[in-house]
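Asker: Respectively, the protein sequence lines represent chains A, B, C and D. Counting with the UniProt record's numbering, you get residues 1 to 346 for the letters of the first sequence. Counting with the UniProt record's numbering, you get residues 1 to 346 for the letters of the second sequence. Counting with the UniProt record's numbering, you get residues 1 to 346 for the letters of the third sequence. Counting with the UniProt record's numbering, you get residues 1 to 346 for the letters of the fourth sequence.
Check before you lean on any hint, since a few could be wrong.
Below 16 Å or equal to it, Euclidean Cα-Cα: the simulated EDC-like pairs (lysine to aspartate or glutamate) are [as the list claims (entries may be wrong)]:
{"id": "1", "chain 1": "B", "residue 1": "LYS163", "chain 2": "B", "residue 2": "GLU125"}
{"id": "2", "chain 1": "B", "residue 1": "LYS93", "chain 2": "B", "residue 2": "ASP67"}
{"id": "3", "chain 1": "B", "residue 1": "LYS337", "chain 2": "B", "residue 2": "ASP67"}
{"id": "4", "chain 1": "A", "residue 1": "LYS94", "chain 2": "A", "residue 2": "GLU125"}
{"id": "5", "chain 1": "A", "residue 1": "LYS337", "chain 2": "D", "residue 2": "GLU340"}
{"id": "6", "chain 1": "C", "residue 1": "LYS337", "chain 2": "B", "residue 2": "GLU132"}
{"id": "7", "chain 1": "D", "residue 1": "LYS94", "chain 2": "D", "residue 2": "ASP137"}
{"id": "8", "chain 1": "D", "residue 1": "LYS163", "chain 2": "D", "residue 2": "ASP226"}
{"id": "9", "chain 1": "B", "residue 1": "LYS337", "chain 2": "C", "residue 2": "GLU111"}
{"id": "10", "chain 1": "B", "residue 1": "LYS93", "chain 2": "B", "residue 2": "ASP83"}
{"id": "11", "chain 1": "D", "residue 1": "LYS337", "chain 2": "D", "residue 2": "GLU270"}
{"id": "12", "chain 1": "D", "residue 1": "LYS337", "chain 2": "A", "residue 2": "GLU340"}
Chain B stretches covered by chain A per the calculated footprint, using a threshold of three residues with CB under 8 Å from any CB of chain A [what the hints assert, rightly or not]:
{"id": "13", "region": "18 to 26"}
{"id": "14", "region": "97 to 109"}
{"id": "15", "region": "148 to 156"}
{"id": "16", "region": "228 to 241"}
{"id": "17", "region": "313 to 326"}
Keep in mind the hints are simulated off the structure, nothing from the lab. If you're wondering where the values come from, they're calculated on a predicted model, not measured in any experiment. By construction, the Cβ of each residue, glycine as well, lies at the ideal position given by its N, Cα and C atoms.
Protein chains: 4
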Amino acid sequence: MLNIAIIGASGYTGVELARLLSNHPEVRLTLVTSRQFEGQPLSQVFPNLRTKVDLLCENPDIDRLCDSADFYFAAVPHKTAMDLVPHLRRAGKKVVDLSADFRLRDQTVYEQWYQPHSSAQFLSEAVYGLPELYRDDIAGSSLVANPGCYPTSIILGLAPLLKAGIIDPETIIADSKSGTSGAGRSAQIGSLFCEVTDGFRAYKVGGTHRHTPEIEQELSLLGGRDIRISFTPHLLPLSRGILSTIYARLQSDQTEDAIHQLYQTMYADEPFVRVLPPGNLPATQYVRGSNFCDIGFTIDRRTGRIIVLSAIDNIVKGAAGQAVQNMNIMCGFDETKGLEVVPLFP
Amino acid sequence: MLNIAIIGASGYTGVELARLLSNHPEVRLTLVTSRQFEGQPLSQVFPNLRTKVDLLCENPDIDRLCDSADFYFAAVPHKTAMDLVPHLRRAGKKVVDLSADFRLRDQTVYEQWYQPHSSAQFLSEAVYGLPELYRDDIAGSSLVANPGCYPTSIILGLAPLLKAGIIDPETIIADSKSGTSGAGRSAQIGSLFCEVTDGFRAYKVGGTHRHTPEIEQELSLLGGRDIRISFTPHLLPLSRGILSTIYARLQSDQTEDAIHQLYQTMYADEPFVRVLPPGNLPATQYVRGSNFCDIGFTIDRRTGRIIVLSAIDNIVKGAAGQAVQNMNIMCGFDETKGLEVVPLFP
Amino acid sequence: MLNIAIIGASGYTGVELARLLSNHPEVRLTLVTSRQFEGQPLSQVFPNLRTKVDLLCENPDIDRLCDSADFYFAAVPHKTAMDLVPHLRRAGKKVVDLSADFRLRDQTVYEQWYQPHSSAQFLSEAVYGLPELYRDDIAGSSLVANPGCYPTSIILGLAPLLKAGIIDPETIIADSKSGTSGAGRSAQIGSLFCEVTDGFRAYKVGGTHRHTPEIEQELSLLGGRDIRISFTPHLLPLSRGILSTIYARLQSDQTEDAIHQLYQTMYADEPFVRVLPPGNLPATQYVRGSNFCDIGFTIDRRTGRIIVLSAIDNIVKGAAGQAVQNMNIMCGFDETKGLEVVPLFP
Amino acid sequence: MLNIAIIGASGYTGVELARLLSNHPEVRLTLVTSRQFEGQPLSQVFPNLRTKVDLLCENPDIDRLCDSADFYFAAVPHKTAMDLVPHLRRAGKKVVDLSADFRLRDQTVYEQWYQPHSSAQFLSEAVYGLPELYRDDIAGSSLVANPGCYPTSIILGLAPLLKAGIIDPETIIADSKSGTSGAGRSAQIGSLFCEVTDGFRAYKVGGTHRHTPEIEQELSLLGGRDIRISFTPHLLPLSRGILSTIYARLQSDQTEDAIHQLYQTMYADEPFVRVLPPGNLPATQYVRGSNFCDIGFTIDRRTGRIIVLSAIDNIVKGAAGQAVQNMNIMCGFDETKGLEVVPLFP
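The shape of chain A in the complex, shown without the other chains (with noise of 0.2 Å):
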C-alpha cells in the first residue's frame, strides 16, 4: 500500500481526490491538510466522506509533511504550491501537482501571466501531466504538473488535428463552458447559488484567462509551430462539467470518415477517451462523476469549419482523476485503477 497525502483537501479538488482515492485499491489516504479547517474530521467537512475516510485535517507543516506519506498531491493554490513542492522534491517524494506552478515549460511565460517564480529550476524536471500526451514521461517522472480543466478539454480535442496538419492554425476559437465547481470552494458573492442558477455568462474574455498560454503551448508543440487561439471561458448553472465547443478551418477537403479514423488512430488505446461515431455529439451529463474525455465532430461545409466537441468533468478527468490517473502512471499501477467509475445519469 502505498502512503497518500493530499495537501489542500478542503477544496473542491480535495474531497475529490479522497473520494476517489478511498476505492483505489493500492493507495492508503495518511494525511490531509487543511489551514482553515484544521482538527476537524475532513468528513465533517465534507460529509459525502462519512465512514470513508477518517483523518482529520492537519496544518501543513512542512517537516512533518514529509515524514507523513510517500506520495503527495498538491491541492493548493498557484504560488503556494511552488513554495511547498521543493521541499517535497528534495525529501525524495514523488508529487502531482494541481495548480499552474510546473505547467509552463517557459519560465517568461509563466511570470508573465502569473508572478514571479520561485522555483523555476524544477521547471524542467516537470512532465506535463497529459497522459494521452506524455505518458512515457510521466511514468519516468517524479514531479507531474497536473493539466489545466479547460486545458484538457481543448487540447485533447485539438490534438489528432493539429498531428494531421488538417485545420489552419491561425482560426481556431475555443469557445468553453464551465460548471461553477471550478471556482472553486472560497466563499464569494459571484459563486452564491442565487447569484449562478437561472443564469449563465462569459469571463475573462479575449485572451485574458490563465489558462490560454497553457493551452497554447501543447497546441503549438503539436502543430510544430506557434500558435494562438482566442479561448472564452463560461460559467455554466451546474456543478460539474466543462463542454468545450473548438472552431478551426480545414485546410483542405476531409471526410467524415477520414477524420474520424484520425480520432480513432490516435486515441483507439486510450482508456478514458471516447471517441464518439460521426453524428453523435458528447454532453456533460454523460461523463459526470468518471474520467471520462467524450470527443464529437461535425463538418460545416457551409463554411469550410469543423467543429469539434469535447466534455469533461472539470473535476475529475480536468483535475482529481487525471491526478489518480498520473499517479497510477508514475507508480506501475493499472492506470485505471480507482477510476474505474461509470458517469453518473441522470
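Since the structure of chain A is already known, use the hints to place chains B, C and D on it.
Answerer: Only chains B, C and D this time, still in chain A's reference frame:
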C-alpha cells in the same frame, strides 16, 4: 381597448404573451386557442395566470377566429402558421406571426430549409419584426414576422459592426446558448428535467439549425454582401435566457471607445437595448423576464478578433416580448407599454 | 410623488424593493444605502436594474438619511434596525421595517430569542404588517413590522382554520421549504452554488428557528389561546419560493366544501391571496416573482388530519412585495400598485 | 461469474442497475430488455454507459428471457411485473422485483390500492427486501420485493423508535421530498425541465400515494400494532435524492443520547446506514450516487416531538442499489460488492 387573440396559447410563448398582455393598459385578451386543452381555463393549464386571465381555451376554428379579435398573435408552429395567417389577413386583421413562415424573404431559401410554402404571396407583405432595424416598416405593416430567438440576439449583437464595415464577414462565428424553454412544451424525453439538469450540450451543429438562413439574411443586408456564418446552438440547464458569444476578425485596428461609440450611436434611443460600458459583460440572469437585450464586447488584440456578447430572455425579447413590442408599434401605442418589467434577479 | 429610501439596498430584499418600486407610479426612489458598495451605482451591484434605477449607494449616515425621503424601507438586519428606526420615527418619517425587531409584541419573548432590545418603547407603536389580518391598523400606522417569510406563509395558511376553531392547536406541524435567497447575499460557504444545487436539507430543526415565536404569536391571537407548533425550515435548490406543508388534526368531521368556504370567506376580497379550488394544490413556480399567496388543502380521512399547502415567493409576499403592499396601505395608494406583476412561469 | 438480466433497462432504475453492475466483480450483464428501444445499444439510450455496457436492448420475449441469465432484476412497472415474475420463478430463476407487486403481504390491501393480483400465490414466497430488517430471510429467498424509495427512507428512519416503543404511533407524520428521477423517464409535461426547475410542490396529498400501505405495513410490524401515518410526497427540483422529515410525539421524556444509542445499536453493523452524531443532520447531497441512508434526529422539547431526518439517493438505496444489495445477500456475495461508491459531492 384593442381585442387580442392568442392562437396557440398553451406553449411557453403563449403563456408569456398572456402574462405580458394581461398588464397592458391598452388591450384586452378576448380569445386564446389550444387544441390540446380545449375547454379548459388557460389559468388551469398555467396556474401562474390565476385571477389574471379568465378565458377558456378554444379550438381554433377559422371562421370563429376571425370574429373574435382585432389583433392576432399566431404562436403556432411553422407550417400551421402559413395556413392560418392568410385567413386572418383576408379578414383584414393585423397579425404578428411568431413562427418562421414569413421571416425569410426568399421563397426558395424557405423551401430549402423548411417545406413548400402554401402562402408565399404574403412573403413580400410581411415585415421582419426587429424594431431596432425596421421600426418604420413595422409601423406601416399588418403582418409582422416576429424574429427567432437566436437571430434576435445575434443580429442585434453584430449590426453596428456590419454597418460600419469593420469586421471580416467571412470570419463570423456565433456560439449561442439557450435555455430549455426554447425547446417548447411538448412532452419529449430530451426535455425532461433529469435529461437537462446538471448537463450541457450542443445540438444541430454544423450549420444545420433552421435559424441559420434567417440570421444570414439579415446579416447580409446589414453588411451589403452575402454572409455565411458558423452558428452553433447549445442547451442550457435553465429555463430562460440566451447568451450569444460572437467572434469576428477586425479589418483594422480599433479602439474599444470607437467601437463602443458605434453601439451607442445605433442603440442610443432604443428602449430595449442596453449597451454595456467597456469592461462590462452581459449575463442572462440580468435580463430574465424582461424585454432587454444587453450587449457588451471585448477586443482580443492577441488574435485581432472582437468578441461580442449578447444576452436576451428567449421567451421575451426572443419571442413574446418582441411580439408585443411589434404590436405596440403597429398600433401606435407607446412602444414600451406592457414591457416595463424589470428583470427578475435573483 | 412620494420620495422613498431603501436602507440596506444591497441585499436580495433591497434589489427586489428597487425592482418593484421602479415601476410604481406614485413613488420615486431617492436614496439607497449600502455600506459595502458605497459610491457604486446600485445598477452596478445589481445589473438587472440598469436603466431602471439611477442612484449611487450611499453610506447610511443618520442625519443625511432623515432628509432624503418621506418614506423608508429598513432592509437591514435585526439589531441594526432597532437602532435605526427610532431616528426615522423621531424625524416623523413613516417606516416599514423588514427586520424582526418590531414584530414581537412581548419584549421578553424578543429578548429570549434575539438580544436585548434598545428601543422597546416602539414595540407598542409597531403594527404587524400582515394586511390580511391587520389592514386597518396598518393604514393608521407609521411603523409597520413587515412579517417574516415563513410566518407569512404559515399564518395565512392557518388563519381561517384557527378562527373557525376546527383544528386541535396542539397538533400543528409546519414543514416549510424555502429558496436560497432567504439565506441572504452574504458570502458564506453554505450558500455557494455547489453546496446548494442538487441538494436538500433541513436546518434549525426542533423549534430553534427565530421565526417560531413570531408564528406562535399570531397563531395564538387567531386561536384565542396559547399555541405552540413544530416548525421545520428546509433549504430548496432554487432561488425564490416557500412552500409550507401544514398538518393539524380536525376537531370534528368536516367536508372539503365547508372548509373551502372558510377560506373563501376570509380571503374573498384579498387581492393577493388565491384560494385554490378543492383538488388543486399550489406550487412555488406559479407565484414566482409575484405578491401572491396560493393556498390549497386536502383532508386525510384516514388519519383525521387536514393538510394545508401555502406557497409564496419569499422575496415578494415574504418580504419586499408585502412591504410595498404595506406602504400602499399606509399611504392611501391602491393596495396593488406596483404589485400587479403576473408570476413568471416558466 | 453470475449472468444477470435487467428486464426494463431503459428507465432510470435500469440505467442505474447497469451502472452499478458493470463494476461488480462477481457478475456479468448478459441481457437488457426494452420494448421502446429494441435493437439499439443500451449505451446509445444512455451514453454514460459507453464502453462500459456493450449490449443491445432486446424485446422481452418470455421464453428467450428465461434462457439468458441466472439472476433477474425486474425493473418494469407494477402489473407488468406480476405477469412476468411467475415465468422466471417457474424457470427456477432468482429475482429481485423492483415494482410494488410483491411488497404487500395482504392481497386485499394490494388490490385496494392497485388492481387485481394475477399471481397472488407468490406473495407468501416473496420477501420484503429491506436488508436492515430482513437480511436472513432475503438470504434464503429466491424472490425479493425491492422496497419503494419513500418507504426505505421512512422505515429506516423510524424502526429504532418503533421497536423501542417510545413514540406515539398515532402521531406519525412523514413529510417526504423526492428528486424528479422518481417520476421515471416517460415523456410527460409534468416532468419537463421547465415545469420542475425553480419550483416545488406536493402531490398525492392526504394519504393517497401508493407507498402509504407499504410504509404502514412495515411500521405496523415494527410497532406491533396497526399504524396509520400521514405521508406527503413532494417533488424537488433535483434529479436524485429523498429527504424524509418525520414527526412523532415521544411517549416519555428521553435524552438525545439515549435515542442516539437506540439507532447506534440497531444500525451498528449496517454497511449502508450512517447514524449521524447528535447535532448533525443529513442532506441529500451527501448521499448522492451512493447506497447510504443517512439518519439524524432532534428532540423538540417545546412540543414533546422527535423529528427524524432520513436521506437517501432514491435511485440507489431507494431502488437499484438496494436491489444489488439484495442480490449480494441472495447470492452469498459480500454485501457491499458493487456498492462501495462514495457519494458524489459536489
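Asker: Determine which of the earlier numbered hints do not hold for this structure and return their numbers in increasing order.
Answerer: 1, 3, 6, 9, 13, 14, 15, 17
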